[in-house]
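*Asks:* So the chains spell out like this:
Number of protein chains: 2
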Amino acid sequence: MNKETHYTVIGAGHGGKAMAAHLALMGFPVTLYNRTPEHVAVIKARGGIELKSYNGGPYGFGDLALVTSDIGAALEQAEVIMVVVPSTGHADIAHSVAPHLRDGQIVLLNPGRTGGALEFAHVLSECDCQADVTVAEAETLIYASRSEGPAQARIFRIKDAVPLAALPATRTPRVLEALSTAFPLFIDGTSVLHTSLNNMGAIFHPALTLLNAGRIESTGGEFQFYIDGVTPSVARILEALDRERVTVAASLGIRARTGVEWLRMAYDARGANLYEAIHNQPGYRGIKAPPTLNHRYITEDVPMSLVPIAALGQRYGVQVWGMDSIIRQACIVHQTDYWRRGRTLDKLGIMQLSVGEIMRYAMEGRNNKQ
Amino acid sequence: MNKETHYTVIGAGHGGKAMAAHLALMGFPVTLYNRTPEHVAVIKARGGIELKSYNGGPYGFGDLALVTSDIGAALEQAEVIMVVVPSTGHADIAHSVAPHLRDGQIVLLNPGRTGGALEFAHVLSECDCQADVTVAEAETLIYASRSEGPAQARIFRIKDAVPLAALPATRTPRVLEALSTAFPLFIDGTSVLHTSLNNMGAIFHPALTLLNAGRIESTGGEFQFYIDGVTPSVARILEALDRERVTVAASLGIRARTGVEWLRMAYDARGANLYEAIHNQPGYRGIKAPPTLNHRYITEDVPMSLVPIAALGQRYGVQVWGMDSIIRQACIVHQTDYWRRGRTLDKLGIMQLSVGEIMRYAMEGRNNKQ
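Chains as they are written, first to last, in the working numbering: chain F, 1 to 370; chain H, 1 to 370.
Isolated chain F, as found in the complex:
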């Protein structure tokens, strides 16, 4: 049992605080980094985080080895670096850590959304980072959790199985091995293209938000997001987006899970189509809509999830009309260019690659590293 593995958790939000406390309670030495010192001042003063959770789940005061806003200090002891920030921050984190990384360190994005590991590795390469680090991404965050105070966190649920993949995939076993004591729930996600293209939030979040835009803004989100928001017509649009995602994956030679398959796998929710399967998922009952359209369901999931999938489609000849229509409306609503801000193929460092070259890069790595 390698209880000596030193973890550094980057990000002290809902997920980061829960993970840092959870790891500390399991007995690992943990450093918590947050860019803004004020956000972790109370944690630093108390020396840790108070964790609560569900019945039988982890709880107690998790003592942290170090709480810092100095990225160099944060990485000094780190063997595994858990990045738990919105994916819109991944590129910035990569820029910050690049000068401090050391051979053998593992960076895991929790989660990567779509193209997280590719973007992270591309930024490291652009920063001329020479350290032999392993960048990996998880398909989703392992927790449903919430921050309940400056030094408090609560875990509602820990998922049973979460796929992760390293870039290249030949290094996935190494990551799974390093994490196995703390998080045996991680499973092999095949490749970062698989984890990226199985990003279901890309399909559900932006479309569901836009097709309920009037209701969200006029009620402040006071309705059940999935139960009331997913009506037959809305579900038809989700189905169309989902079909586009699976087709983009197929164009890369990847068999992605359909939304219906994913709902069965993740929640044992069944149905002949997305409408039925979503309404057969009891966990969706009671989940409120976002209170405003200025929410990560658009601000994060459009540029970091939908844009990279649509960009892959455009590059490899798959019509992504539905995705494009959602992206455009999000651009109008937020008066910004989510295509420009988003993870297009140049930002993922795969602009010039053929399908075969992308797959080889994801599976085996670049032949000539540079």
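Honestly, the hints are just simulated from the structure, not real lab data.
Among the clues, some could well be false.
[Stated by the list, open to error] Below are the DMTMM-like pairs computed for lysine to aspartate or glutamate, each with C-alpha atoms no more than 20 Å apart in a straight line:
no., chain 1, residue 1, chain 2, residue 2
1, F, K347, F, D337
2, F, K3, F, E177
3, F, K288, H, D228
4, H, K347, H, E357
5, H, K288, F, D228
6, H, K44, H, D63
Put chain H on the given structure of chain F with help from the hints.
*Replies:* Quick look at chain H alone, frame taken from chain F:
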């Protein structure tokens, strides 16, 4: 006073019944045509339509000269042919009337939506109709009205001023003159390109329906369509669509009214933007949302209003991303191709025309008629 003008009203729906009864009560000889005899059987048996309306408005039993489902008989006496059917039916009507039209007859589409007169004239030409008829379109229906029984109609409001235009515009005065006794409210709409591009339903109806799709379907439309449905984000999308429409018009050399200008003109509703102006229009209070997405706000306004405006934009170099995103989602929701079903430029008979040629056609007519 030419109270002898013989009107034929085509279509016995909400608008057609009100118009036929209103004209009859004004003393004009009126023929009412409906394709399906069952729909007008009661009117035929009673010999007319019972009209009710607002205080001081027209009311009483309007005796009809003829009620028929024989299009030849319907047109025999007609001097003015008022087409009062959904615009999705205009092409079919044109096919039916083509063999029966005579020199000097006037056909007015109430309303044309976008490209109604162009499409109608194109179908007549394709049917090799040699009669010298004048085809015109109104910008909106002059009534807010409802059918209240098989031979009953109610008018809630008659608009103050409704622009109309003939194709070519040189014939607009002739149409205004023929209609002046019955409907002095009609005013010169400049050209059919103007009436077509000032179609505000194209902007408001489909987007408002889609961006409230979840709420419409989960409540059956039990909310205020404009008051609850037009929130700041929804209004931003309406603004973007409106800007596209005005830009498409500008590419043809036409200064179209903006939505804000239209709300001020039509309702004296003011505001710095569409959100404010819509919420300052008391007439929108109490108007419920459509009960389902299977509604003319999509089934008619997408193919007959949005598609032709977007098609003009694509042809003359204007980006219509917002319109395109709405059209695509409508296609997905109704699992049909609204581009194929809609009024594209080939259906309007203007596919091969330059901007100058389109304007000349609308203003002066074709040099070589065929």
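*Asks:* Compare the structure with each hint and give your call.
*Replies:* Hint check results:
| no. | hint | result |
| --- | --- | --- |
| 1 | F:K347 - F:D337 | 15 Å, holds |
| 2 | F:K3 - F:E177 | 13 Å, holds |
| 3 | F:K288 - H:D228 | 19 Å, holds |
| 4 | H:K347 - H:E357 | 17 Å, holds |
| 5 | H:K288 - F:D228 | 19 Å, holds |
| 6 | H:K44 - H:D63 | 10 Å, holds |
Going through the hint list in order, the structure satisfies each hint without exception.
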